[in-house]
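Chemist: Protein chains in written order, with our numbering: chain A, 1 to 98; chain B, 1001 to 1121; chain C, 2001 to 2111.
Errors might be hidden in some of the hints.
[To be verified] Calculated lysine to aspartate or glutamate pairs in the EDC-like style (CA-CA distance at most 16 Å, straight line):
#1 C/2106 to B/1026
#2 C/2070 to B/1072
#3 B/1057 to C/2057
#4 B/1062 to C/2058
Quick caveat, the hints were computed from the structure, so don't treat them as lab data.
Predicted model only: the values in this text are computed from it and were never measured.
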Amino acid sequence: MLHIINKSPLTNSALDSCLRVAQSGDILLIEDAVYAAASGNAFEGKMREAMGRFKIYVLLPDLEARGLADSIITGVSPVDYGGFVDLTATNKNCQSWL
Amino acid sequence: MSDVKKFMFVNRKAPHGTIYALESLEVVLITAAFDQDVSLVFLDDGVYQLKKGQQTKGIATKNFSPAYRALEGYDIEKLFVEKESMEARGLNEQDLLVDVTVLGSAEMGELMDRQDVVLSF
Amino acid sequence: MSSIEVSSKSYETDEEGYLVNLSDWNKEIADYIAKTENVDMTDQHWEVINFLREYFEEYQIAPAVRVLTKAIGKKLGAEKGNSEYLYGLFPYGPGKQACKIAGLPKPTGCV
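The following block holds chain A by itself, in its conformation from the complex (with noise of 0.2 Å):
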């Protein structure tokens, strides 16, 4: 399944939620949840504990919008629109947190 979050890990619980409930499967971080993708905050241990457990992925064009295009913490994959795609059309369903 994937999870698709767009909103800041520091200021909304919606990626804390996903990481609470979903078990396994992708997250794509759009918008402002791109914010959780990049090293030095104070999500990145979560983040890195997420990875245990899911495949992250972050679309670049949002990260760079915000200027942390080179700040992606390793082991996030960065996506295109076309990324973007594939993995809503890979996945067997999806769910965006609001």
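On the provided structure of chain A, position chains B and C as indicated by the hints.
Modeler: For chains B and C alone, coordinates are given in the frame of chain A:
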């Protein structure tokens, strides 16, 4: 029927501050007409949607909370509440308007994985 | 905004003729709306109207036709809980038309 799909509505917002809860309820009531396998999930602040005793007269908005009790008549009987969310808000099943099945996070995640369509509100 | 006039008092309705303020409703208004719908109100009609009012009072929504039919069957018996009977009373639909006469909003999901 072979074309019945599993639909899950995930409710994560408190009821009156935003329109999400009411919109979700309306979509659920409409979906009921299509004879699909519908589950409702209440996570995080979404649990507050089911709190007993809501009175909206003072904020001059529609109190849609009694409608959750009508869901049974619409043959929507799969209501799930996440245990961790409920406990984090100091609530228990007796505080809720309707009968629900309480699931732990992991069970909830597995239930989610098994759906054909997941809609978030 | 549209309105209807009953006993020289004006009541606001939406463009389809549903009462805007549910608290405006009374039996006289119901009779008036029924006439505009070409429905001759009988005890059987009132039974459904009263049922709808009670349902709304309890759940704050107007039931979908399928739900109404089932609930009427449960409360008033199978000979009334079927679409033939209910559409016989309200040809334009026990949801749409009866709710209008009952002073309730159009049922959710009803087009």
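Chemist: Given the hinted pair residue 2070 of chain C and residue 1072 of chain B, is their Cα-Cα distance within 16 Å?
Modeler: 12 Å, holds
Chemist: Taking 16 Å as the top limit, are the C-alpha atoms of residue 1062 of chain B and residue 2058 of chain C close enough?
Modeler: 14 Å, holds
Chemist: Can the restraint linking residue 1057 of chain B and residue 2057 of chain C be considered satisfied, given a maximum Cα separation of 16 Å?
Modeler: Answer holds: residue 1057 of chain B to residue 2057 of chain C is near 15 Å, not above 16 Å.
Chemist: Assess, step by step, whether the Cα of residue 2106 of chain C is no farther than 16 Å from the Cα of residue 1026 of chain B, and give holds or violated.
Modeler: Roughly 13 Å between the alpha carbons, so the hint for residue 2106 of chain C and residue 1026 of chain B holds.
The structure fails none of the hints (numbered hints given earlier).
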